[in-house]
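Undergrad: Sequence:
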Amino acid sequence: MRNTTATIYLIALSLVTATAAAQVLTPIEQLGKDIFFDENLSINANQSCAACHMPEVGWTGPDPAINATGAVYQASIPGRFGNRKPPSSAYATFSPILHYVNEKNEALFIGGNFWNGRATGEKLGNPAADQAQGPFLNPLEQALSTPAGVVERVCGSSYADLFRQVWGWDICDPSKVDTAFDNIARSIAAFEASPESNAFTSKYDYYLKGEARLTKEEKKGLNLFKSKGKCANCHTLDPGPNGEPPLLTDFTYDNVGVPRNPVNPFYTQTDFNPLGDRWIDLGLGEFLASRVDYQDFAEANVGKQKVPTLRNVDKRPDEGFIKAYTHNGYFKSLKGIVHFYNTRDVKPICADPFTTEAEALAQNCWPAPEVPMNVNTHEMGNLHLTEDQEDAIVAFLKTLSDGYQP
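Taken in order, the sequence shown gives residues -22 to -1, 1 to 384; the numbers are from mature numbering (1 follows the signal peptide of the UniProt record, and there is no 0).
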């Protein structure tokens, strides 16, 4: 894996450099980029943020072999794995601070980052910045033990002078560790908010500007996306909060009834997961239960995961590259997940709850949801789409990848 990841890293870095040639990053954005791609910011100096968020695959997991199986990436410490697949870091900076609104006598949570919303944005005023601090100290990711360890490595890096230039020449003073650690995260968020990450250069973006035309199939898929497919109910096509092109997410949380991923490596992490394969990902509900102010809302949100942006959902270096979808990477194809949304409540339940996507399609069944509570049955599960209509939606989803040349 390491050799493969290193090769992909070099290719990705050259692609980013070429793409950025026409752009000039601000000092804080360049600093964030340097930090983002720095493998030394991990216990074994072998894992950067980019190890799980590579640009050529839409700022998510870059290894097709991993995506094809458990979809969870190995930590800096060999043999350690987390519990969820990497979400895209692109367009995440638009997510607001986690909050709720009352809708139809229900608290609807919006914003935050991570699949379960635990990077609320309350600490640094920005969920993307809150999120950036997590992997550094997570024993199942970059595994550094303290913020001081992260700061020490940044202050000893090749870009240390830029760090001081952006945040003050005394920022590496040992008495300022907490401030420095916060500013490292803010720098990463600045890069993630830059045009290099949030590019808005998909075919769909050019179509909205009148500079590209969708094919008949893509246009059909767009119309179905907005109507019979009900995709736009959560993956909204409205302009962003400041007039940006559509962000393809409403930043809410939902339980779409995803089955367990049978080969999630977290099931084997007995030191961190004593439940083994009996562990269940309770999502937002579990996080809310940890907060005194949100505990009353926990039960109604058990099993819900962040609604991801669909931007770059099909971005890949070649047609044969395998991507993984949903929070646990159960699905390996856009066709598979669209078919699941269409037929989840129509097909029989597979006898084995650990049936893979490929096996389920072959057996014409779907496994039971990992979390049976709070499953969304109003907007998916029995959409009455024909196979041709499913294919049209997939064709539209393929227009959402950045890097299109009109």
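I should point out that these hints are in silico values taken from the structure, not numbers from a laboratory. As the structure is a prediction and not an experimental result, all values here were calculated from the model. Each hint should be verified, as a subset may be incorrect.
[Stated by the list, open to error] DEER-style ranges, computed between Cβ atoms:
1) L86 <-> Q143: 41 to 51 Å
2) M351 <-> Q143: 16 to 26 Å
3) H356 <-> T124: 42 to 52 Å
All C-beta atoms in this analysis are idealised placements derived from N, C-alpha and C, irrespective of residue type, glycine included.
Undergrad: All hints are to be evaluated individually against the structure, with a verdict given for each.
TA: Results for each hint:
no., hint, in the structure
1, L86 <-> Q143: 41 to 51 Å, "holds, 42 Å"
2, M351 <-> Q143: 16 to 26 Å, "violated, 51 Å"
3, H356 <-> T124: 42 to 52 Å, "holds, 46 Å"
Going through the hint list in order, the structure does not satisfy hint 2, though it satisfies all others.
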